[in-house]
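**Student:** Chain residues, written in single-letter form:
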Amino acid sequence: MAARGGPSAWLTSETPASRLQARAVRGYLAWRRLRRNPLTLLGIAILLALVLVALAAPWLATHDPLAQNLDGRLLPPGSPGHLLGTDDLGRDIFSRLVHGAGITLTIVALVALTAPAAGLLIGTLAGYLGGWVDGLLMRLTDIVLAFPRLILALAFVAALGPGIENAILAIAITAWPPYARLARAETLTLRNSDYISAIRLQGAGTPRILVGHVMPLCLSSVIVRVTLDMAGIILTAAGLGFLGLGAQPPTPEWGAMISAGRRFLLDQWWVATLPGLAIFVVALGFNLLGDGLRDLLDPRSDRP
Amino acid sequence: MAPRAGAGRAIALAARLLISLAATFFGLLLVTFLIARVVPIDPVIAVVGEQASPETVAAAVRELGLDKPLWQQFAIYLGKVLQGDFGTSVLTARPVLEDIARVFPATLELATLATFLGVLIGLPLGVLAAVKQGRWPDHLIRLLGLFGYSMPVFWLGLMALLVFYGQLGWTAGPGRLDVFYEDLVPSVTGVILLDAALAGDWEVFGNALSHLILPAGVLAAYALAYIARMTRSLMLEQLGQEYITTARAKGISEARIVWRHALGNALVPLITVIALSYAFLLEGSVLTEIVFAWPGLGSYITNALLSADMNAVLGGTIVVGAVFIGINLLSDLLYRLVDPRAR
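Those sequence lines, one after another, are chains A and B.
Each residue of the first sequence is one higher than the one before, counting from 1 in our numbering.
Each residue of the second sequence is one higher than the one before, counting from 1001 in our numbering.
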C-alpha cells in the first residue's frame, strides 16, 4: 500500500482501534459504494440543494412570497423582476417556490420521524412479545393496510379539519403499518439469538432489550424503506394540498399552488406547471437516493 | 385418507380467509364509525338547525340515538351498513348507496382501461428489462419508472390536458362526453363505452373514447411503471433457475425460453401484482378524476368532503375499502388456484 497513515488509511483500516473508528470505516466504505452510482449522487445533490434552498429562502427570494401586486398579474416567466413570472394575484412565483421548499421539507421530516417510530415500536413489541400481543397488533396493522391510503387520509382530514398539521397527522396515521411489518419480521429473526438471551440473563427488562438491542438492528432496513417512501409522502401531501385539504392559502405550498394555477392552465401554463416541476424534482431526488440505498443494502429485493 | 385430508385443509383455509376478511371489514367499519364521532360538525345541529329549542334538540338526540352508549351506537351503525343503508347524502338528498351505484361505473371504466393499457405495455417492457439486465434498455426502463414514481398524478394529468387537448387538440377535454352527445344512448351498464357499443352508436363511442383516453393514459403510466418493475424482478428470478439452463442445453429458441418457459412461471405471482395495481388505481383515481372532471367515485367522495357531507364520505370510504379488501382476497384465491404448490 502506497498511502500509509493519514485519514484515508484510518478510514479503511481492517483493524479499527475504537468503536468510533469502526463506525467511521463502515460509513466510509458504504459511501464509496454509494458514490459509484451517478444517479444516487444526483439524488443526494438534489436533496442537498433542497435543504440549502429551504434554509436560505429569506435571502434567495426576490420578493415577499405573500405580497400581492394586482397590476402585475399572470406575467410570463422572464418578465423583468420576475424570473418565473407571477400568479393570479401578482405574487412572484420564484419566491413562492423557494419558500415552499421549507414547507415540503417540514412535512416530509415530520412524517418520516413519527410514522417509522410508531411502526418500529409496534413491530418490535409484536415480534418480541409474541402471543396475543402479536395477534392483536398485527391484526390492527392488517386493517390499516387494507385501507386505501389516500382515501383514509382524506377521511381523517375531513374529520380533523383541513390544515397542514392535520394533513401531516393523517399521512402519518396511514403510513406506519409497512414499518411495523418490517420491524416485526426483523425482530422475529433476532428474538432467539444468543446475545439477546445473554442480556436477558444479565437481568435486562423488556423495554431495555427492545430499545437498546432490538430496535437499533431493525433501523437500517427501516431507514431504506423510509427513503423510498419519502417521495410518496411528498406526493400525498401535495395531493392533499391540491384538493384544498392540506396547507391553506396563502401558504406557498406547492400542491396548493398547482390547484390555484389550474384555472388558467390553457392560457397561463406556467402558474400550474412550475410548482409541479418542483415537486417532481424533489420526489425524484428521494427516489434516486432510495433506489441507490436499497441496491447498497440488498441488491435482490424489490419494492412491494 | 389423502383426499379427505385435502378437503379438510381447504375448509380450514377457507375458514381462516373468511375470519380474516370479517375481522378486516369489522375494522373498516369501526374506523369509519370513530371518524364520524370525532368530526367537529355537530350532527344534531346539522339536522335541526342552530336556533332549535332545547326540547327539539333533545328529541333529535334521542332520534339519532346519540343518548345511547357508544358501543350501542356502533351496533346500530353496523346493522345499518350491513343492510346497505349508508344514510342520506346532505348534498344530493338521495340515499348514499344510490349515488354510489350511479358514479361507480365511471371509475370502473377508467381503472379497467388503465390496467389494460398498463399490462399491455408494462409487461413486455419488464420482460425486455430482465432479458437485457444491466444494459441500456434495462437502465432506460428503470429510469422511466423512477420518473413515473416521482410525478404527482394530478400534475401529469394537467400537463396531458395542456398538451394534447389545449395545444394539439388531439383529444377531448374534461368530462365523460361532449354536452351534445349526452343521454343519446340508454344507460344499461353505466359504462358509456359498453352502452354505446350495445346501442350500436359508434359516434358516441368515439366521443367517449376520446374523453377517456387521457385520464386512462395518465393512470396507466403509474400501473405501467409498477407492472414493468415487478415483471422485471420476477423474470430475473425465473431466468436464473436451472430449468432455463436445461432448456437452453436442449436447444430451445431463446424467444420460446423467455416468453413461454420463464414468463409462464412468472405469470403466477404477476396475477397478484396486477390485481393490486388495479385496486390501487381504483383509489388512485381520486386526484385524476378531479383533474379531468370525471364524474366517478373519487370526485363524489372529494366533493362530499369539501361540503362536509359525512354520510357520503363514509359510505364512499367503506365501498372503496370493501372493493380493496375484495380484490386482495380474490387475488389471493386466484394465486392458490393457479399455483399448484400453494394449494
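Incorrect hints may have been included.
To be verified - Straight-line alpha carbon distances no greater than 20 Å define the calculated SDA-like cross-link-like pairs of lysine to any residue that follow: (1) 1132(B) / 37(A); (2) 1080(B) / 1094(B); (3) 1250(B) / 1239(B); (4) 1250(B) / 1261(B); (5) 1132(B) / 295(A); (6) 1080(B) / 1105(B).
No lab work stands behind these hints, which were simulated from the structure alone.
**Student:** Would you mind marking each hint as holding or not holding in the structure?
**Tutor:** Here is how each hint holds up against the structure:
{"no.": "1", "hint": "1132(B) / 37(A)", "verdict": "19 Å, holds"}
{"no.": "2", "hint": "1080(B) / 1094(B)", "verdict": "16 Å, holds"}
{"no.": "3", "hint": "1250(B) / 1239(B)", "verdict": "16 Å, holds"}
{"no.": "4", "hint": "1250(B) / 1261(B)", "verdict": "13 Å, holds"}
{"no.": "5", "hint": "1132(B) / 295(A)", "verdict": "18 Å, holds"}
{"no.": "6", "hint": "1080(B) / 1105(B)", "verdict": "24 Å, violated"}
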